[in-house]
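Participant: Chains as they are written, first to last, in the working numbering: chain A, 24 to 176; chain B, 41 to 151.
Careful: at least some of the hints might be erroneous.
[As the list claims (entries may be wrong)] Distance windows between CB atoms, simulated:
# : chain 1 : residue 1 : chain 2 : residue 2 : range
1 : B       : R96       : A       : I102      : 38 to 44 Å
2 : B       : L146      : A       : D144      : 47 to 53 Å
3 : B       : D145      : A       : T35       : 34 to 40 Å
4 : A       : V85       : B       : A55       : 43 to 49 Å
5 : B       : A101      : A       : V78       : 49 to 55 Å
No lab work stands behind these hints, which were simulated from the structure alone.
All values derive from a computational prediction rather than experimental measurement.
Glycine included, each C-beta is placed from N, C-alpha and C at the ideal position.
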Amino acid sequence: MNTITVSTPAPTELVMSRTFDAPRALVFAAHTEAEHLRHWWGRGNPLEVAIDFRVGGSWRFVETADGKQHAFRGEFREIAAPDTFTWTFEYEPMAGQIAVEKFVFTEEGGRTTVTSTTHFDSQQERDGMLQSGMEQGANQSYAALDAYLVKIG
Amino acid sequence: MTTADPISGVFAALADPTRRAILARLARGEATVNELAAPFPISMQAVSKHLNVLERAGLIARTREAQWRRCRIEPAPLRDIAGWVEQYRRLWEERYDTLGGYLADLQKEQP
Numbered sequence: 024m025n026t027i028t029v030s031t032p033a034p035t036e037l038v039m040s041r042t043f044d045a046p047r048a049l050v051f052a053a054h055t056e057a058e059h060l061r062h063w064w065g066r067g068n069p070l071e072v073a074i075d076f077r078v079g080g081s082w083r084f085v086e087t088a089d090g091k092q093h094a095f096r097g098e099f100r101e102i103a104a105p106d107t108f109t110w111t112f113e114y115e116p117m118a119g120q121i122a123v124e125k126f127v128f129t130e131e132g133g134r135t136t137v138t139s140t141t142h143f144d145s146q147q148e149r150d151g152m153l154q155s156g157m158e159q160g161a162n163q164s165y166a167a168l169d170a171y172l173v174k175i176g
Numbered sequence: 041m042t043t044a045d046p047i048s049g050v051f052a053a054l055a056d057p058t059r060r061a062i063l064a065r066l067a068r069g070e071a072t073v074n075e076l077a078a079p080f081p082i083s084m085q086a087v088s089k090h091l092n093v094l095e096r097a098g099l100i101a102r103t104r105e106a107q108w109r110r111c112r113i114e115p116a117p118l119r120d121i122a123g124w125v126e127q128y129r130r131l132w133e134e135r136y137d138t139l140g141g142y143l144a145d146l147q148k149e150q151p
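Put together the whole structure using the sequences plus the hints.
Facilitator: This is the structure we're talking about:
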């Protein structure tokens with residue numbers, strides 16, 4: 024099953040993992056090349072991508088959803104293709120709240136697992152990141168709580 | 041841990057496996073401190089400390105009846121955390137499902 028897992032090992036850290044039926048070089052390229060990124064990062068919404076993929080280089084994505092533009096930006100801190108890269112992430116309306124995200128790519132049997140670890144400096148930054156998701160969650164049901172309790176138990 | 045940042049307080053309370061086990065037990069129903077302490081090879085004082093942390097984080101409540109104070113789970117803070125993680129998970133699930141489809145298409149084009 025290609026499901027995503029998300030865990031929060033610390034109050035300001037979030038770890039996410041997902042496996043793809045594709046070789047590592049391709050999955051890495053999909054995360055770091057404009058031509059690939061515009062096909063998926065916007066979740067079907069139009070996405071403008073500017074990316075200068077080198078350490079110290081900057082990136083900026085503009086996603087158009089429901090007629091509104093949402094801009095994200097950051098810069099690359101570390102690159103070791105196709106194993107890993109680290110970038111900073113900022114949602115422009117909440118400029119100055121900068122998260123650091125490290126992506127690690129591992130391949131096994133032709134499938135590639137991406138594990139990202141996001142560090143937020145504070146809870147405000149973590150919440151800013153959440154708002155950048157744009158999706159206003161409906162009221163969470165007790166089912167979500169039950170699932171969470173099972174997981175932490 | 042400040043009161044201005046209740047979600048971080050909840051995360052910190054949840055960071056300990058004994059406290060998670062206590063919560064999992066309380067999710068099945070109220071219990072006395074003695075009942076909660078029984079499964080753990082630690083002192084009653086240690087269990088009381090864990091209960092204090094959980095209470096400060098708003099994750100449990102205790103009745104005020106003399107020495108037989110019962111503990112119960114308070115679902116609201118956990119719901120906030122679960123809701124926050126769930127929204128983040130959903131955003132990335134959409135993104136990565138889109139990527140999965142895109143990668144499959146790419147590999148069909150270039151066998």
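Participant: Run every hint past the structure and note whether it holds.
Facilitator: We went through each hint and held it up to the structure:
1. Taking the beta carbon of each, B:R96 and A:I102 are about 43 Å apart, inside 38 to 44 Å as hinted.
2. For the pair B:L146 and A:D144, the beta carbons lie near 36 Å from each other, so the given range of 47 to 53 Å is not met.
3. Between B:D145 and A:T35 the CB atoms are about 37 Å apart, so this pair conforms to the stated range of 34 to 40 Å.
4. Remark: the range hint 43 to 49 Å for A:V85 to B:A55 is contradicted by a beta-carbon distance near 37 Å.
5. Distance hint check: the CB atoms of B:A101 and A:V78 are about 51 Å apart, consistent with the given range 49 to 55 Å.
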